Amino acid sequence: DGGITQSPKYLFRKEGQNVTLSCEQNLNHDAMYWYRQDPGQGLRLIYYSQIVNDFQKGDIAEGYSVSREKKESFPLTVTSAQKNPTAFYLCASSILGNQPQHFGDGTRLSIL
Amino acid sequence: KNEVEQSPQNLTAQEGEFITINCSYSVGISALHWLQQHPGGGIVSLFMLSSGKKKHGRLIATINIQEKHSSLHITASHPRDSAVYICAVYKGGSEKLVFGKGTKLTVNP
Chain C
17 DGGITQSPKY
27 LFRKEGQNVT
37 LSCEQNLNHD
47 AMYWYRQDPG
57 QGLRLIYYSQ
67 IVNDFQKGDI
77 AEGYSVSREK
87 KESFPLTVTS
97 AQKNPTAFYL
107 CASSILGNQP
117 QHFGDGTRLS
127 IL
Chain F
28 KNEVEQSPQN
38 LTAQEGEFIT
48 INCSYSVGIS
58 ALHWLQQHPG
68 GGIVSLFMLS
78 SGKKKHGRLI
88 ATINIQEKHS
98 SLHITASHPR
108 DSAVYICAVY
118 KGGSEKLVFG
128 KGTKLTVNP
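Same order as they appear, the protein sequences are chains C and F.
Counting in our numbering, the first sequence runs from 17 upward without gaps.
Counting in our numbering, the second sequence runs from 28 upward without gaps.
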């Protein structure tokens with residue numbers, strides 16, 4: 017079955033450490049997105065990509081980096097510059113053109 | 028003020044009740060998306076609509092473009108419908124979704 021796979025489900029980061037969250041899709045979607053969810057807030061866009069080797073900053077890109085070397089993969093790195101990284105991170109993908117987005121099951125990141 | 032507002036924030040119902048969740052937005056949109064987030068965190072797409080009404084099983088979504096308002100209805104609610112329901116819009120000319128804060132629904136047996 018086609019879908020989006022995020023790993024790991026839970027991740028712990030030490031102070032000053034970079035961590036990478038994985039997102040893989042086999043839906044053949046061109047567009048991929050990373051969102052952050054905090055309690056009591058709506059999802060906020062971190063980065064998005066509409067084509068391989070290209071990506072754009074979202075509303076809260078500071079302290080994060082991404083790459084899009086393959087259509088299927090859109091990993092997110094939470095760098096040590098992100099001072100408040102504890103959150104739930106969701107990856108999504110869609111066909112281009114305001115189509116429904118399909119979401120992964122998320123990664124919960126916590127600081128040790 | 029948020030561009031997408033949902034009401035109510037929390038909703039508790041008895042099994043079998045008819046549920047309505049509201050979404051109002053203040054910007055021009057090309058489409059509106061209703062999503063369901065389960066307690067474990069995973070999100071499922073329910074509907075995407077730009078006009079009129081859509082129905083899937085016990086779920087019905089409507090949108091009034093002139094009034095900038097959408098509703099999600101659940102008929103004959105069941106405890107398995109307990110989840111957070113999220114409204115999101117594609118602003119006109121944008122490939123990015125803007126999300127409401129969600130409505131937490133609890134259906135008691």
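Don't read these hints as lab results, they were simulated from the structure.
Because the structure is a prediction, the values reported are computed rather than measured.
Don't take every hint at face value.
Away from chain C, derived, C-beta distances all over 10 Å, residues of chain F [said to hold, decoys possible]:
1. G79
2. G84
3. K123
Beta-carbon label-pair distances, calculated as ranges [unchecked claim]:
4. F/K123 - C/D54: 34 to 42 Å
5. C/S126 - F/K82: 24 to 32 Å
6. F/G120 - C/T21: 26 to 34 Å
Anything over 10 Å on all C-beta distances counts as not near chain C; from chain F, calculated [stated by the list, open to error]:
7. V31
8. S57
9. S72
10. L86
11. I87
12. I92
13. E94
14. S98
15. E122
16. K128
17. N135
18. P136
In this text, a Cβ means the ideal position worked out from N, Cα and C, and glycines have one as well.
Tell me the hint numbers this structure goes against, listed in increasing order.
Failing hints, ascending: 3, 4, 5, 7, 8, 9, 15 and 16.
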